Each structure stands twice: as structure tokens, then as C-alpha cells.
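Between the sequences and the hints, there should be enough to build the whole structure, so can you do that?
Heads up, the sequence shown is in the numbering used here, so the first residue is 498 and it goes up one at a time.
None of these hints come from the bench; they were simulated from the model.
Hints should not be assumed to be uniformly reliable.
As the list claims (entries may be wrong) - Calculated cross-link-like contacts (lysine to aspartate or glutamate; reagent style EDC-like; alpha-carbon spacing at most 16 Å):
1) 991 to 738
2) 773 to 662
3) 1142 to 1096
4) 1170 to 1197
5) 1142 to 1201
6) 995 to 702
7) 1170 to 1048
8) 1142 to 1211
9) 1170 to 1201
10) 769 to 662
11) 546 to 1183
12) 992 to 702
13) 1167 to 1197
14) 988 to 738
15) 846 to 787
16) 546 to 1187
17) 998 to 668
18) 1037 to 1091
19) 981 to 808
20) 870 to 702
21) 1167 to 1211
22) 870 to 662
23) 1142 to 1183
24) 769 to 1017
25) 1167 to 1096
26) 773 to 1168
To be verified - Pair by pair, the computed Cβ-Cβ distance ranges are:
27) 897 to 813: 48 to 56 Å
28) 995 to 1074: 19 to 27 Å
29) 1083 to 1182: 30 to 38 Å
30) 735 to 852: 41 to 49 Å
31) 534 to 1175: 52 to 60 Å
32) 589 to 1052: 41 to 49 Å
33) 1094 to 1196: 26 to 34 Å
Here the structure is a predicted model, which means the values were calculated and not measured.
Ideal Cβ placement from N, Cα and C applies to all residues, glycine included.
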Amino acid sequence: MTSDKESSETKPLNNNNTNGSGGSAPSKPKIQPKFSIHRDVLTHEVVIKQTGYAARDKSIPSSLRNCWQSWNFFALFTGVIPILQWLPQYSPRRDLPGDIIAGFTVAIMNIPHGMAYGMLAGVSAGNGLYMAVFPVLAYMFLGTSKHISIGTFAVASMMTAKVVDSFATVDDHHLVSAVNASGLLANSSVTAPPLQLLNATLTADPITKVEVVTSLALTVGIVNLLMAFLRLGTLSSLLSEPLVNGFTTAAACHVVTAQLKDVLGISVNRYKGAFKIIYTVIDVIKGVPETNLVNFGFCMAVIVFMTICNECIKPRLSKKCRFPLPAELIMVIGGTLISQWFNLCDDYKVKPVGTIPSGLPEPVLPRLDLVPKVAVDSIAIAIVTYSIIMSMGLTFAKKHGYEVRPNQELFAMGVGNMVGGCFSCIPMACSLSRSVIQDQTGGVSQIASLVSASLVVVTLIWIGPFFGSLPRCVLAGVIIVALKPMFMQAKELKKFSKQGKLEMFTWISTFLCVVIIDIDIGLLIGICISLLALYIKGLKPYSCLLGYMPESPGIYLDLNQHRNAMQVPETRIFRYSGSLNFATSLFFRRALYEAVGLDKIPLTKASSSNSSSPSKGSKASYSPVSQNGGKAINGRLEESSGAFKVLILDFSMLGHIDVAGCRTLSDVSKELKARGARLLLASPVDRVYDTLVHSMALSEGPFEIFPTLHDCVEYANACRTA
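In C-alpha cells:
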């Protein structure tokens, strides 16, 4: 009889007969598994001795020795240049066709996006096209994500435009020379330039927009490299999802506002500082009577065409063809041809993109004297672009099952921005739409980026000047339609409201501050609110009183959530999760006192003997309680008097404790002794146990520690019934 029971209970839990196929899911056991453990109650000191536990050596020599032993120069070299890791495993026959199709598709999108976001950043369309070449090549060698599309991004361009407006004094050096020459010719018939431009050009050191942009890209690269050197790759985790969502949605409002003048074909002053979006909207409303109807109609046609393509044609075409409809490129080419045929620029005063130089720019070192001026703005841009790249990279890495290393991403961004700064590029980021297209069209590696960059180079060398007559309103329509996914993020506010009030408050406050005040100030306020919300959550960890299951002793549950749980008599079990340190010790003490009513027990040892709990000779070791802590006596639930003899602190969910936390435990233990009770600690992790032992060596405690909560409860019952 006994052997049959033992044989049935010792069968493995996942004992399923798959006949070697290995394809079927594990089946449930035919007999309900059971277990029964018979052993003495152990203290944590006994477990430590029997298992041969040794605390980790935290000394500096030991850390240096372990670091040197784990040092691998080849792994370090390949880790810094990740292309050396995945390129040997690259199969041209299997992977190259998908990368070629993806690269060609992304290049088609890069041309209109680069031109549009380059002009959005305050520089020429050619500078935006350069973004699809030089930073992309640097990231291909150093980046760890295989699917993101590096280049321009609306938010980064908008933040760059703010810096350009703040520090640039002239457009380019040719304009400076012309204006200076006109100023020297007193009797010349050349029309005098505006007073503001003349005052700017009379300065000894004019600053062009390109110089500001390149210095900003260089500074952002330096910030990225410093973050990588300081191992701040986890900094992006501080930017919570509500913060990033609200910030990007609000930044999209800035982008659309900046495009309104090109949509209407009017001239609007560019404001700096706080409330500039409000001032811009007011000026746009005032300028509505001066709207260029041809310009406005052309832009509306572009928006309607792009919307129909994105909402109707593309979804249907994607089911039949792997190659997506290049609606943006069609609109850019078509707009250029229409502008040339009907001479829109001269006859109808439609503003063109302007001259796009053919060929690639020569490498020029950015102006180093501008680095201190743009340093503060570069920090915000570096954090925002890094968070965008990391969020996109982690999304595709999770989908395709590979690893994205945060610090290596910082290094790749740093080098990419510094290289781009030498080739007239704005700070780099990645695009959501282009990255999704690159993945959907079969891209498997950054070889797709190489293909895309090659096609953009061909465009710059031979086709670039062709787009000089492209109307600005076409690019404005392309940008507005492309921002739809960013505006649709506002739907996430409903999800954040369900997650908690702090998440909803973070989204709303970040959105309003960015829209009403400014991008950088709103971002700073949003980060402060997000960190404050994180601090509030960490300051109030989860805590509760535990009871046991009547049918299965040894399982302990939250009394507030499980109505049928039983409370151990004359014993309170308090579970605390999170950290117990100098910042949370006050909350820990307050939560503990509120849960067990320690401050309501008289400071006399006799108080414990006057409780309504069972006597020492009672055979019942447990008594049922209601949800509010009342006991069942003679079949009736009555309120507990609050007195107890043993307080058990369940530290199984405690991740960290410091000396201040240990001192708090010592104070609680002394207060319990004054009230005739004792303190027991259950199931601390090794690092918490090491700190407790260290604090006892510093005259704190002593503490009675047990390896499991059940050991602690049985020890308390034995002491109570002794």
C-alpha cells in the first residue's frame, strides 16, 4: 500500500509520451501530485552552515581581479564593432534579396522625408538628404539593431530648429559677403537689406544655420559618447511610456504649427522661447486673408492624395504586392513637374524648396566655439533621440529574437552624430514609419541601410538639383500626413488612465507643458514629473498582513484580498516588498504600525496575556478571521483586540536593506519587547541577510532569522504553546 502511494506520487510532473516527436505540449499528470516534508524547523544560521554559504567579496582588489579574469580582448573588439559578429553569419542567398527590396523602399521614403525634415530643422533640403547617408553608414558598423531606419525624425528636427533660431544670425556665407559688399558701396544702387539682417551681418563673427546645425550634431555626439562611457544606457528607462507618448504627441503639434505658413503660403515671424506656438497660431490666423489660394489648393490636394493612398490603396496593395506604394515619392516628383510646367514659383508666387547642390558635401570640422552655446540643448536632444532609437530597437529585437545593447547604441549614436556633424548633418534619430516598412518588406540587417544610402547618393549626385523647384507646400502636406501616427498616440491616454492616476497626470502635464510653453522646457517638466511619480511609487511599496489557507497550511496569502484566509493566533505576519532604506524607513514603520496596531498596545508585558486568543493549553493552533481581522469564537466573528506575542516580517520580496533600515528593525524589536512580544524575520535573500549580519556586528539587533516563512510560523507556534 505504501509502495503504491510512493510510486504514484514520485512520477515526474511532465511525464508525457510524445513517442519522440517532441511536438506535443506537456500533458497534466493523471494523479494529483502531493508532497509531504518532515524535518526540523531550521534557522537561517543552520542553513548557512550546512550549505557552505560564503558572502561575496566586495573589496576593490577582488573586483579588479574578477574584472581582469573576465577580460577578453577579442570579445571587446567585436562588441565595439557589432558588424563583425553578424556579418560572418550573413547569407547573401537567403538575406540579400530582402535587404535589397527593403533598402530600395526605404530610399524612396528617405528622399521626401529627408527634404521635408531638413527644411523643418531650419536648413536646406540637401542637409536632410545627407542624413540618409553618413550617419546611416556609421550606425551600420556600430549599431546593434538590425531593423531601425536611421536618419531624420520630426521631433529631432523640431528641437534642432529651436537651436537654429536661437543662435544663427545669417543663412550662409554668400549672403554675408553680398551684404557686406553692399554696405561698403555707399553710392550703390543696390537695395539695402532689412535692418535686422544688416545688424547681424555687421557683426565680426556671423553664424550661419549650417554651422549651428553641425556644431549641435557634434555636441550631441559628444554627449552620447559621455553617456556610453559612464554606462548610462539604462537612462532611457527613466523616460516612462506616458512621458514619451505625451511628449511626441505634443511635439507633433509644434511640427504642424510650423507647417501652417507653408500650407497657406504666407510669411509668419518665427518666435523663440515660451508660448511661441501660441504666438505663431495668432499670426497665422491674422495672415489667413493673405492666403495664396494656389499654394493652399496644391497643399490640400497633396494631403487628400496622401490620405487616400495611406488609408485605402496601400492596405489593399500590401496584400498583393510586397513592394509598398511610394506615395511620398510620387507626390514629390509630381509636384516638381507641375511646378516646372506651370511655372508656379514665378507666376503664382509659390515658394520653392530652393537650390539643392549636386554631389556630396566635403568634410568640414564644425565650429568648436559654438559647442558651449548649444551644450544645454544638446543634452535634451541626445536623451530624446536615444530614447526613440532604443524603444524602436527593443521592439524589433523582441520580435526577431536578438539583443540590443543600450550602451553600444549610445556609442553608435555618438560616432554617427560626430561623423554627421562633419558632413553638414543634423542630429540623427530613427523613423517609426521607415523602420516598420524596412521590416515589413523583408529587411533582415543593416545591409538594407547600405542599399538605401547608395540610392540616396545616386539621387544627390545626379537628381538632386531637379527638386529645386519643388513647392514647399508639397513637403508640408507630406509632413502633416506622416504625423498621423503620432497624433493617434493620444488614444493611449485611456490606457494610461486605467494604469493609474500618476501615469495619466504625467501624460497630460507633459503634453500641455510642451504645447503651451516650449519643447525643451516641457520635456524637463515632464521628466521631473515622471521621476516624482517613480519616487512616489517607490516610497510606498506594497505591504499587507498574511494569513494561511485552512485546507493547505504552509501557503500564506493577503488577508485583505482572500476573505477565507485564516490568521495565526497571537501572531501577525507582515509582508513588505521593495526596499527598506533611509528613504522608506518612515513609510515602513507607519505601514507596520497601521497594519498590526503596535502603537495601540499598552507598554506592559501583561497586556499580551489579557488578549482574547486561545490559552496555552488550547489544541487549536490556528483560528479563522474575517477580512477586517476579526476572530471566530464559538462560531461568531468578533473584532481582534490587536494584542499578539509574535510579529513575523516576511522579507521574501525585500530587494535591499541598508544600515538605516536595520536600525529601524532594531527599534521595532525593542518596542515589541516592551510590549511582551518578539520579532522574527523570514526568508531574506542573501544580500539582505548579509546586511543584517553586518548590522548585528555593528551592535544592531540581534535578529532571529529563518530561511522560510513556514519555518518561522512553526517556530512561533512552538514558542506560543510551550
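**Study point:** Enumerated hints in conflict with the structure, sorted upward
**Key:** Violated hints (numbers, rising): 6, 7, 12, 17, 21, 23, 26, 27, 29, 31, 32; every other hint is consistent with the structure.
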